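As given, the protein sequences belong to chains A and B, one line each in that order.
Using this note's numbering, the first residue of the first sequence is number 1, and each one after it goes up by one.
Using this note's numbering, the first residue of the second sequence is number 1, and each one after it goes up by one.
Hints may be right or wrong, so weigh each one.
Unchecked claim - Far from chain B by the CB rule (all over 12 Å, computed), these chain A residues: (1) 117; (2) 118; (3) 125; (4) 387; (5) 421; (6) 463.
Claimed, not checked - Residues on chain B that point at chain A, a partial pick, calculated with CB under 7 Å: (7) 5; (8) 6; (9) 9; (10) 36; (11) 37; (12) 46; (13) 70; (14) 71; (15) 140; (16) 159; (17) 163; (18) 213; (19) 245; (20) 260; (21) 304.
In case anyone wonders, no lab produced these hints; they're calculated from the structure.
Values in this document were obtained by computation on a predicted structure and should not be read as measured data.
We put the beta carbon where it would ideally sit given N, CA and C, even for glycine.
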Amino acid sequence: MAISTLMDIASSALNAQQVALNVTGENIANVNTAGYSRQQVVMATGPVTTSNGYTLGNGVAVQSVQRSYDAMLQQQLVSTNSSYQGNLTAQTALQQIQPSFNEVATNGLGTAVDNFFGAWQDLSTNPQGTAERQALLSSTQVMTDTFHQMNASLTSVASSADSSLTGISSEVTGNAKSLALVNAQIIDTQAAGGSTNELLDQRDLLLQNIAKDVGISSTVQSDGTATVTLAGGQQLVSGAKYATLYTNPSAAVPPTNNIMLTALGAPPPATAPGTDTNVSATVGGTGNSLGKLGGTLQIRDTIVPGYLSKLDEMASKLVATVNAQQSAGYGIDGPPATTGNNFFAPAGVTSATIALDPSLTAAKIAAAFPTATDPAPTSAGNNGNALKVAAIQQQNNAFSTGNDSFDGFYTSLVSAVGTDTQGAQNATTLGAAHLQQLGSLRDSNSAVSLNEELTNMTKYQLAFQGASKVINIATTMVDAILGMIQ
Amino acid sequence: MRITSGMTADAAVYNLNQGQNALNTLQEQISSGSVVNQPSDDPLSTRQLLNLQQQINAGKQTTSNITKGTLALNVANTALGSMMDIMNQIKSAAATMISGANDAGTIANVTSNLSQLKSQLVDLGNTKNGNQYVFGGFKNGQPFDAAGNFTGTNDPLNVEITSGSQVSTNVAGGNLLRGGTPPAAVGSGATAGGSPVDILGSIDALITAITTKNSAGIQDGVKNMAAAGDQITGAQSDVAGRLSRLNNAQSMITNNQNTLESAYSDMQNVDLAKAGVELSQQTTAFNASLAATAKITQLSLLNYMT
Chain A
1 MAISTLMDIA SSALNAQQVA LNVTGENIAN VNTAGYSRQQ VVMATGPVTT SNGYTLGNGV
61 AVQSVQRSYD AMLQQQLVST NSSYQGNLTA QTALQQIQPS FNEVATNGLG TAVDNFFGAW
121 QDLSTNPQGT AERQALLSST QVMTDTFHQM NASLTSVASS ADSSLTGISS EVTGNAKSLA
181 LVNAQIIDTQ AAGGSTNELL DQRDLLLQNI AKDVGISSTV QSDGTATVTL AGGQQLVSGA
241 KYATLYTNPS AAVPPTNNIM LTALGAPPPA TAPGTDTNVS ATVGGTGNSL GKLGGTLQIR
301 DTIVPGYLSK LDEMASKLVA TVNAQQSAGY GIDGPPATTG NNFFAPAGVT SATIALDPSL
361 TAAKIAAAFP TATDPAPTSA GNNGNALKVA AIQQQNNAFS TGNDSFDGFY TSLVSAVGTD
421 TQGAQNATTL GAAHLQQLGS LRDSNSAVSL NEELTNMTKY QLAFQGASKV INIATTMVDA
481 ILGMIQ
Chain B
1 MRITSGMTAD AAVYNLNQGQ NALNTLQEQI SSGSVVNQPS DDPLSTRQLL NLQQQINAGK
61 QTTSNITKGT LALNVANTAL GSMMDIMNQI KSAAATMISG ANDAGTIANV TSNLSQLKSQ
121 LVDLGNTKNG NQYVFGGFKN GQPFDAAGNF TGTNDPLNVE ITSGSQVSTN VAGGNLLRGG
181 TPPAAVGSGA TAGGSPVDIL GSIDALITAI TTKNSAGIQD GVKNMAAAGD QITGAQSDVA
241 GRLSRLNNAQ SMITNNQNTL ESAYSDMQNV DLAKAGVELS QQTTAFNASL AATAKITQLS
301 LLNYMT
């Protein structure tokens, strides 16, 4: 056994401790890096040799630099992020919609409809009054304006959702491209025998980022690369190849964006809307619940059209019932007073188009209804029809949700908006809590703890000093031997 | 469990955010005074609140209807009172002629007096409330011409006093002064003093009887005038009855409105004492979590390494 063996052992220790200090430094440097997993040095004793009949070790060697990582947590983070972002997007849109329906705090459509029928009641107490007739016309104007305004704000929420699809799709493509690049680097590094720890962290972070935008399922292959499949089963990333997700205006009027997907490639083939796959129907997952893309599609295709159709239904019922009663009565535009006039323009049966009939004048408002003693054309003091129109407010109409009065139907709609918003808020709060919990579990397992790294640093530093001391002693021993020769 | 500084920071941000949210909600409730500030705060209560609000609004509309109806009926009532005075004058004038033996001068005086009183009755029959004739039914022109012919209608001008219940706010002029449309036959002999009475026609018949010194006709006229007085009194008590119906409806609505409004306040108004206590609890909790965050984030081995 030579003194040089002692030197070798000490120098292996110096090397190992230095690698460990480097890894600790790397950990500390990345304490705030998103997606970084802490690395640990695994040390093992060197090969054992027999000298002078004793079995002795030969120092220390760094066996590997391991990354603390939990694959199942990673998968959960990916899927939870998808549904959380879907709910968050829907919630944000609902919070934009809700103020239009906030009948509790401000006067909205409900009050406007009440005032409209109230004006008919007022007219019934003075059927030939010019002031009452004008008041009815202006409260009708307020009501149709409120319909238009609600329609406009709902439509603008849908159209801004539609235009944000383009940005989200190109973000997905960008992340898919980066992931394909990371995949390629993983293959290259592994071929060269290098450590892929940092690349794997980047891969996982990119998976999370893609999942925030769109619902995916991902598989990690044996070579460490990730394969990403969209909710409809189409491949987005496979090895070094990726596909482009983009939007293309549909043929509808006004056009809405379709979500298209090209074939895989590195780089993928140029976009060709004619032949690429249209994934609009499947990309958001079941009920468009996954990712920002799903949430946005849900707003555009389900939430807003749902509310709009209710408003349209109310507008069309109002136009039909009031027109029917108005045309049964007589105005004071005589002699002879006219009958069969429309109150609302018969073509305007949606919340966007409801309007006063252009030929309606104050005198043509039919407050009068023929009676046996006051047959047609009627007298100006006749208030029979005004009473009948005012009574429409209380009477039940057949709506798609069952028989209800206008007030009742609208109140249900407001309450439905409230329930939807509350539901989305609850789902988002729950999702945030879940994400927070998963995040702490992941952090507990993978994140850098400064206190731990500082302790490790001291530990490795002491070991390094110890090994230096060994070399020091060995040197003294060699000196002593050389001194004997002199 | 390993706790890392990142976890501490994330948890601190999450919890501070929760605390801030709770404070924000309480602050919104206290400053607005309302528990439900948007439908999503409580969808079920929103529905009830809107229902209550609609009932309160309907009550306000009905109150306005009742006020207008009361005004119209009061105008009619005043006119009926004046008609009653005129009828009394006519009755006493007719009574003085019952002997049928007066000289030509007196006869001329009395008949001219009677035609004057008749035209006053016609004028009262054309009484207006605003631009509505209270005895004209649906007609908007004068219901009585100078001769006392009725051209109006006997239709009721209804207003709604509660949902589905209507009260007429006018008096049928034809029935009141002409005993019907067309006018009832003027009573004579056995039918004199019968009901209904064509009041204006009977006055004309009385004037003719006085001029022709037809004492039987004068006696019939006096009976008819007595019945005419009853007819007007009847109309007065009908109007008074409707006024009291309006009055009852009004006080019922007022009661209802009070109940509805207090139900609304119970649901919607913030219990300030309770909210204040909650706010101070939340503030304390929030302060504590701020203090804890500040303390914990400072803890590091670095502080002790040299």
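Verification of the supplied hints:
Remark: the non-interface label on residue 117 (chain A) conflicts with the geometry, its nearest Cβ contact in chain B lying 8 Å away (cut-off 12 Å). Its beta-carbon lying about 5 Å from the closest one in chain B, residue 118 (chain A) breaks the requirement of being farther than 12 Å from that chain. With a closest Cβ-Cβ approach of about 4 Å to chain B, residue 125 (chain A) is found to fall inside the 12 Å limit, against its non-interface label. Residue-level check failed: residue 387 (chain A) sits 6 Å from the nearest beta carbon of chain B, not beyond 12 Å.
Not every beta carbon of chain B lies more than 12 Å from that of residue 421 (chain A), the smallest distance being close to 4 Å; the non-interface claim is violated. With a least beta-carbon separation of about 17 Å from chain B, residue 463 (chain A) lies farther than 12 Å from that chain, consistent with its non-interface assignment. Annotation: interface hint on residue 5 (chain B) holds; nearest CB of chain A at approximately 5 Å, less than 7 Å. This hint holds: residue 6 (chain B) has a C-beta 5 Å from the nearest C-beta of chain A, less than the 7 Å allowed.
Hint on residue 9 (chain B) is violated. Least Cβ distance to chain A is approximately 9 Å, over the 7 Å limit. A hinted interface residue such as residue 36 (chain B) counts as satisfied when its beta carbon comes closer than 7 Å to some beta carbon of chain A; here the least separation is about 5 Å, so the hint holds. The closest approach between the C-beta of residue 37 (chain B) and any C-beta of chain A is roughly 6 Å, which is under the 7 Å cut-off, so the hint is satisfied. Restraint check, residue 46 (chain B) versus chain A: the minimum CB separation of about 5 Å is within 7 Å; hint holds.
Here the hint on residue 70 (chain B) is broken, as its CB sits about 11 Å from the closest CB of chain A, past 7 Å. The closest approach between the C-beta of residue 71 (chain B) and any C-beta of chain A is roughly 9 Å, which is over the 7 Å cut-off, so the hint fails. A least Cβ separation of about 4 Å between residue 140 (chain B) and chain A falls short of the 7 Å threshold, and the interface hint therefore holds. Taking 7 Å as the C-beta cut-off, the interface hint given for residue 159 (chain B) holds, the closest approach to chain A being about 5 Å.
With its C-beta approaching chain A no nearer than about 5 Å, residue 163 (chain B) sits inside the 7 Å limit, and its interface hint holds. The closest approach between the C-beta of residue 213 (chain B) and any C-beta of chain A is roughly 40 Å, which is over the 7 Å cut-off, so the hint fails. Residue-level restraint check for residue 245 (chain B) is violated (minimum Cβ-Cβ distance to chain A is 16 Å; threshold 7 Å). Given hint, residue 260 (chain B) at the interface with chain A, is violated; its Cβ is 14 Å from that chain's nearest Cβ, farther than 7 Å.
A least Cβ separation of about 9 Å between residue 304 (chain B) and chain A goes past the 7 Å threshold, and the interface hint is therefore violated.
Checked against the numbered hints given earlier, the structure breaks hints 1, 2, 3, 4, 5, 9, 13, 14, 18, 19, 20 and 21 and satisfies all the rest.
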